[in-house]
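We have chain A; now place chain B onto it with these hints.
For the record, the sequence lines run as chains A and B. Just so you know, we're using numbering that gives the first Met the number 0 here: the first sequence kicks off at 0 and counts up by one. Just so you know, we're using numbering that gives the first Met the number 0 here: the second sequence kicks off at 0 and counts up by one.
Simulated from the structure, these hints should not be mistaken for laboratory data. One should not assume that every hint holds.
Simulated coverage check for chain A against chain B, where a stretch passes if three residues somewhere in it have a Cβ under 8 Å from a Cβ of chain B [unchecked claim]: (1) 57–68; (2) 96–110; (3) 120–128.
Backbone N, C-alpha and C define an ideal beta-carbon position, used for all residues, glycine too.
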Amino acid sequence: MAMDIIKGLNTTLRELGKKPTTVSYPEEKRPLPARFRGRHVLHRYENGLERCVGCFLCAGACPADAIYIEAAENSEEQRVSPGERYARVFDVNLLRCIFCGYCEQACPTGAITLERIYELSVTHPEDLVYHKEQLLEPLGSATRGSLDAWVAPAPDQTPTPLPGRQGFFDGLEASAAAVGQGDLPAETEIMIAGDTGDPHDTGVAGEEK
Amino acid sequence: MGIDLDIHGIQPGEQTNPWAPVQYVSNTQTPRAPRAIDRPDGFGVLLTQVNKILDWSRSSSLWPATFGLACCAIEMMSTSASRWDISRFGAEVFRASPRQADLMIVAGRLSVKMAPVLRRIYDQMPEPKWVLSMGACASCGGVFNNYAIIQGVDKVVPVDVYVPGCPPTPDMLLHGLNLLQEKIRKHIPSPPDPLAVTGQKYLGSEG
Chain A
0 MAMDIIKGLN TTLRELGKKP TTVSYPEEKR PLPARFRGRH VLHRYENGLE
50 RCVGCFLCAG ACPADAIYIE AAENSEEQRV SPGERYARVF DVNLLRCIFC
100 GYCEQACPTG AITLERIYEL SVTHPEDLVY HKEQLLEPLG SATRGSLDAW
150 VAPAPDQTPT PLPGRQGFFD GLEASAAAVG QGDLPAETEI MIAGDTGDPH
200 DTGVAGEEK
Chain B
0 MGIDLDIHGI QPGEQTNPWA PVQYVSNTQT PRAPRAIDRP DGFGVLLTQV
50 NKILDWSRSS SLWPATFGLA CCAIEMMSTS ASRWDISRFG AEVFRASPRQ
100 ADLMIVAGRL SVKMAPVLRR IYDQMPEPKW VLSMGACASC GGVFNNYAII
150 QGVDKVVPVD VYVPGCPPTP DMLLHGLNLL QEKIRKHIPS PPDPLAVTGQ
200 KYLGSEG
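If we strip away everything but chain B, and leave its shape as in the complex, we get:
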């Protein structure tokens, strides 16, 4: 597993890279505040070891909530089928109830009408919980750059892992799941809640 998690947000002005690009943020990119990942310090030897075991067990039994919104859900179903067999990573139990789920795989474009529902289901999931944004539409709107589609579910819920593709193949989704597992094992916290930062609240959500 050669997944490099130590990718920090690009800081404009840092000229350490001789191949530094002329422009840092693409014009076609949805503007987002750069986020840095910080690992919390341990709470002593004993709790650190307990945390390691907890993180390992959490990462090895990620139960996804079914949140198939569009065509990406077909690939998500294919990932759980026998050829790709997501149960090899302990994530085969797709839960219809958010109260029993740890991971929300947002598979598909999120319309404005669906956003409160997504937020409500996210709020109903017990802590700790993670969100995997699957596909171009869920991650940033994709081709649907219009009034009806939320330009990225990270406007609504904090997203841990972004999987590009339209739709991502099962291998891509499994790569994203492995990345999330590694992130959990390294005890890297989720990004801040976008609604808590702005103080906004979706109608119908419990948060």
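Bound-form chain A, shown alone:
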């Protein structure tokens, strides 16, 4: 009889000494995975210029049509981004957004990343349309965001195209000078792998002069 009770309480007694599995959420946040995709953040270069050059690639890649951009031309007096254009309006409708990260993959300059910001609930849906002023990181900070988390090679089981270091010039590694503002000194003279710096060298193997 007594043995039956102990047998029946076997699981209960075994679990008594263990910690609860519950994460008491508002007080204690769970450790998020490195590639967690939350709210978008627009990044800057070290010299304060915006990384976004208004190329519309993220808006084109977005499956939910959640990104709305209006681009404007940079001028010498007012330079916002190192490229020809900058995003005058950059709205992300986070209610439409499905946080797939395609915009991050499409971005040629690493301007937009999905960060680990997830507490986004609102009482009014129009508050979830984030404008450029809310998305842009503050002046003076030039972070790469979650791009570094995506640099690590993916497991072999998932051979997906990932943004990040490819071993050649892909814009993410480049400074503001390399992207388009030619009057700024470049940090590295040679930015393309295998480039000798000779403008007449086409780089094609076997072509000898």
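Below, chain B alone, put in the same frame as chain A:
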């Protein structure tokens, strides 16, 4: 809990913000009339205190009606499971009958055919009742911008809290639930009924 509830609808023309955006409403946003939250005045000291107790007890025992429509329901189930444990907020009793429920968590995309059913279940819930729109599809249609999906359940029922995500993680849903609890405790009324405003009626609904 640093939830700011004093977010009013952006009024075009107000230039108080030096960072005022050039365009206020995104082109990809479903157009909605801006709503302002107004708190009703108290009815004297005694009733105000009673209201506070009522609001606290209502916010601490939100019984959701099960309305899992799609993949968001998996995350909703996960929220009620042991790791997230929605019962810490008194919301663990998912009711199969709308007559015993206070909160409707619309988890998933709402098709046009399902809309009368949703409205009927909402009408069967006793007052006071709240609606939490979970996920991109329930809130505004998400990727399914087509003829078959209602572009936001706020076209059918008044929605109190919008939770973005596809699907929202359990933390996001709990954040939305906490926001709703805070809204109830502050006695902020639900938005007006979208069907009562337009005088429309869904076939099969009781409203």
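Hints versus structure:
For the region 57–68 of chain A, the stated coverage by chain B is satisfied: 6 residues place a CB nearer than 8 Å to a CB of that chain, which reaches the threshold of 3. Taking a C-beta to C-beta cut-off of 8 Å, the region 96–110 of chain A contributes 4 residues in contact with chain B, enough for the three needed, and the coverage statement holds. Check on the region 120–128 of chain A: 9 of its residues sit with their Cβ under 8 Å from a Cβ of chain B, so the three-residue criterion for coverage holds.
Consistency note: the structure conflicts with none of the earlier hints.
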